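Generate coordinates for the entire structure from the input sequences, incorporating the hints supplied.
Residue numbers (this note's numbering), protein chains in the order written: chain A, 1 to 133; chain B, 1 to 559.
These aren't lab readings, by the way, just hints derived from the structure by calculation.
Since the structure is predicted, the reported quantities are computational estimates derived from the model, not experimental observations.
A few of these clues could be false.
[As the list claims (entries may be wrong)] Taking lysine to aspartate or glutamate and the DMTMM-like style, the derived pairs with C-alpha atoms no more than 20 Å apart in a straight line are:
#, chain 1, residue 1, chain 2, residue 2
1, A, Lys-120, B, Asp-143
2, B, Lys-493, B, Asp-30
3, A, Lys-120, B, Glu-471
4, B, Lys-499, B, Asp-143
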Amino acid sequence: MIQPPLRIVLAKIGFDGHDRGLRMVARMLRDAGCEVIYLGLRQTTENVVAVVEQEDADAVGLSMHNAQHLTLAPRMVAALRNADLEVPVILGGVIPDQDVAPLMDAGVAVILGPGSSAEKVVSAVRTAVASRS
Amino acid sequence: MHGTELLKGTTLSDRPDLEQDRRTWQDAYDRTPLRDVDFETMSGIPVDPVYGEGPNPGEYPFTRGIRPSMYRSRLWTMRMFAGFGTASDTNARFKEILRNGGTGLSTAFDMPTLMGRDSDHEWALGEVGRAGVAVDTLADMRDLFAGIDLGHVSTSMTINGPAHIIMAMYIALAEETSVERSSLSGTIQNDILKEYQAQKEYIFPPRPSMRLITDLIRFTATEMPRWHPVSVSGYHIREAGSNAQQELAFTLANGFAYVEAAVAAGLDIDDFAPRLSFFFNSHSDFFEEVGKFRAARRIWARWMKERYGAQDERSMLCRFHTQTAGVSLTAQQPEINVARVALQALAAVLGGSQSLHTDSFDEAMALPTEDAARIALRTQQIIAYETGVANVADPLGGSAYVEWMTDEIERRAEEIFAHLDQLGDGSILEGVYAGIDNGYFVGAIADSGYRFERAVNAGRRIVVGVNQFTEGDHPGDRNLLRIDPQVEVDQLKRLATVKQARNTAAVHAALSELAIDAAEPTANVMPATIRAVHALATEGEIVAALEAVFGTYEETAVM
Numbered sequence: 001m002i003q004p005p006l007r008i009v010l011a012k013i014g015f016d017g018h019d020r021g022l023r024m025v026a027r028m029l030r031d032a033g034c035e036v037i038y039l040g041l042r043q044t045t046e047n048v049v050a051v052v053e054q055e056d057a058d059a060v061g062l063s064m065h066n067a068q069h070l071t072l073a074p075r076m077v078a079a080l081r082n083a084d085l086e087v088p089v090i091l092g093g094v095i096p097d098q099d100v101a102p103l104m105d106a107g108v109a110v111i112l113g114p115g116s117s118a119e120k121v122v123s124a125v126r127t128a129v130a131s132r133s
Numbered sequence: 001m002h003g004t005e006l007l008k009g010t011t012l013s014d015r016p017d018l019e020q021d022r023r024t025w026q027d028a029y030d031r032t033p034l035r036d037v038d039f040e041t042m043s044g045i046p047v048d049p050v051y052g053e054g055p056n057p058g059e060y061p062f063t064r065g066i067r068p069s070m071y072r073s074r075l076w077t078m079r080m081f082a083g084f085g086t087a088s089d090t091n092a093r094f095k096e097i098l099r100n101g102g103t104g105l106s107t108a109f110d111m112p113t114l115m116g117r118d119s120d121h122e123w124a125l126g127e128v129g130r131a132g133v134a135v136d137t138l139a140d141m142r143d144l145f146a147g148i149d150l151g152h153v154s155t156s157m158t159i160n161g162p163a164h165i166i167m168a169m170y171i172a173l174a175e176e177t178s179v180e181r182s183s184l185s186g187t188i189q190n191d192i193l194k195e196y197q198a199q200k201e202y203i204f205p206p207r208p209s210m211r212l213i214t215d216l217i218r219f220t221a222t223e224m225p226r227w228h229p230v231s232v233s234g235y236h237i238r239e240a241g242s243n244a245q246q247e248l249a250f251t252l253a254n255g256f257a258y259v260e261a262a263v264a265a266g267l268d269i270d271d272f273a274p275r276l277s278f279f280f281n282s283h284s285d286f287f288e289e290v291g292k293f294r295a296a297r298r299i300w301a302r303w304m305k306e307r308y309g310a311q312d313e314r315s316m317l318c319r320f321h322t323q324t325a326g327v328s329l330t331a332q333q334p335e336i337n338v339a340r341v342a343l344q345a346l347a348a349v350l351g352g353s354q355s356l357h358t359d360s361f362d363e364a365m366a367l368p369t370e371d372a373a374r375i376a377l378r379t380q381q382i383i384a385y386e387t388g389v390a391n392v393a394d395p396l397g398g399s400a401y402v403e404w405m406t407d408e409i410e411r412r413a414e415e416i417f418a419h420l421d422q423l424g425d426g427s428i429l430e431g432v433y434a435g436i437d438n439g440y441f442v443g444a445i446a447d448s449g450y451r452f453e454r455a456v457n458a459g460r461r462i463v464v465g466v467n468q469f470t471e472g473d474h475p476g477d478r479n480l481l482r483i484d485p486q487v488e489v490d491q492l493k494r495l496a497t498v499k500q501a502r503n504t505a506a507v508h509a510a511l512s513e514l515a516i517d518a519a520e521p522t523a524n525v526m527p528a529t530i531r532a533v534h535a536l537a538t539e540g541e542i543v544a545a546l547e548a549v550f551g552t553y554e555e556t557a558v559m
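In structure tokens, the structure reads:
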């Protein structure tokens with residue numbers, strides 16, 4: 001049986017405009033056969049949750065470069081859970097090693113650092129989605 | 001056309017025109033004061049100020065450099081960018097720079113300030129004072145420059161969307177401290193076009209934003225002759241993923257667009273063009289970068305003279321600041337970034353940069369620590385004082401490869417100009433607007449970035465420490481800069497205190513006047529903006545007043 005393609009919402013929350021990483025990941029996932037719902041810049045947590053719900057997405061990918069990950073990533077996880085959405089949150093960007101443990105404790109599913117290969121990105125997203133369903 | 005044909009056996013005496021050129025250059029060189037150092041090799045061999053044939057450094061089209069003596073007169077400015085926490089924190093850092101003999105200050109603002117929003121904006125949570133200093137009102141500007149004589153420092157301010165507001169605060173502070181506007185010296189980045197193309201720190205749509213820029217160009221041209229009102233920046237275009245020729249062509253096209261907009265606003269090109277400056281990236285492909293810098297000078301000179309009719313030679317000079325490529329730094333084995341930065345910095349110097357910022361090795365992970373920033377500065381000092389490369393202008397000029405690369409980058413850039421010229425029906429300004437509207441710039445930059453990414457993925461391009469030579473990484477023992485969250489709490493208190501103490505009626509009156517001037521296309525928004533900041537209107541309030549007239553820009557999201 002053919003599986004329906006994995007659907008992932010990609011966004012940046014708040015002011016930070018560094019969108020190169022998010023665009024690259026969007027193209028990697030697209031080329032691997034995923035359906036990418038690319039929201040791009042200046043999204044709010046609430047807006048991302050609403051899109052996940054409307055689009056029946058399997059995962060959320062956020063990219064952060066301005067040291068706001070400790071504030072915004074746990075907030076995204078909590079907002080999704082409050083809406084009864086069990087989709088995994090995948091975080092990319094500039095995340096110092098010492099922040100990985102607190103972020104994973106807060107419910108972030110995967111953290112993909114700079115230099116992650118396409119294979120690594122795609123397989124990490126697939127694994128995260130598979131382990132939730 | 002360049003030195004290459006002459007290298008094949010021609011000598012100066014066969015070419016009296018060149019001999020004349022050389023004498024003109026020699027006269028200019030002889031009139032220039034030089035640094036008091038020995039221009040000889042480590043082994044005592046005296047070296048000439050330049051080798052090979054013309055056009056000589058300091059001569060049109062300036063391929064070989066903007067000054068006849070280049071670094072023999074003055075080394076490039078080692079301008080290191082800094083800003084963090086509250087205005088008082090950054091002020092302490094500024095004073096330390098001045099005590100250590102620095103005369104130039106360079107200010108990094110935090111994200112809310114860069115986006116024209118106040119520290120108490122709901123999106124500002126977690127961003128206040130993080131990536132730069134927070135400036136909400138004139139009160140913060142007072143703290144930022146407390147005890148510093150604005151008449152005697154040169155200040156660089158890296159801000160774009162709300163640039164004219166920050167400029168107004170700086171002017172208002174000068175007035176409060178009895179410093180003449182005309183003696184203010186420095187640069188404000190104020191390059192909005194690359195924001196839509198790459199960095200994405202825009203506020204208003206492109207056309208009203210251009211009006212704010214031409215207003216500031218006009219204001220500085222008449223009132224602040226020592227100020228550089230725009231630093232046309234390719235750095236962010238490259239960081240966002242472009243290749244070298246796109247970085248060069250998009251940046252210079254943006255420069256042409258500012259020239260066309262200012263001329264259309266009634267300014268004479270030679271009244272403002274000498275105050276335009278540029279900012280490029282220095283990436284890892286050594287000779288490509290050197291060729292890019294040389295081509296930048298030649299293209300700018302030719303276009304300013306031939307297409308735009310500049311008469312003043314200073315209008316034709318492409319003066320530029322360079323920063324090494326932050327995007328090339330790896331989080332894996334970060335220590336090896338020191339070597340990357342050194343090579344990129346060397347390319348910038350051999351390419352004739354006027355000023356240089358070297359990145360710190362830990363910047364793939366966080367803002368730099370003080371130790372990492374010191375190593376980055378020392379890297380420039382090694383190039384300047386130990387390698388001898390500053391003794392001779394354009395030392396790579398005349399190399400068949402470098403001359404070919406310069407020509408080739410120029411040719412590829414000209415193809416892009418032709419495309420934009422056609423998009424704009426004979427106007428580069430309109431072509432740039434069209435390219436922003438139809439997604440040309442964003443798409444071209446993302447395509448180049450993805451091409452690179454796939455090459456790395458396929459192993460056809462090696463990134464040391466990432467897809468090859470990966471042993472030796474020690475992620476556990478890294479010392480990274482952390483910003484104290486108390487900074488945000490303090491800044492919010494400060495903003496609340498300022499808002500409570502000010503005359504609210506005066507703020508509203510000033511904002512209404514500003515909105516009236518903004519709605520009148522022939523008015524200059526600068527005087528009303530200066531009055532508003534004097535009344536302690538916040539940056540966010542001024543932006544909101546202007547958004548009511550100009551609208552807000554939203555990007556169409558395309559991956």
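Results of checking the hints against the structure:
1. For the suggested pair Lys-120 of chain A and Asp-143 of chain B, the alpha carbons sit about 47 Å apart, so the restraint of at most 20 Å is broken.
2. The suggested pairing of Lys-493 of chain B with Asp-30 of chain B is violated, with an alpha-carbon distance near 58 Å, which exceeds 20 Å.
3. Of the pairs offered as hints, the one joining Lys-120 of chain A and Glu-471 of chain B holds, with about 18 Å between alpha carbons and a cut-off of 20 Å not exceeded.
4. Straight-line distance between C-alpha atoms of Lys-499 of chain B and Asp-143 of chain B comes to about 16 Å, which keeps the hinted pair within the 20 Å bound.
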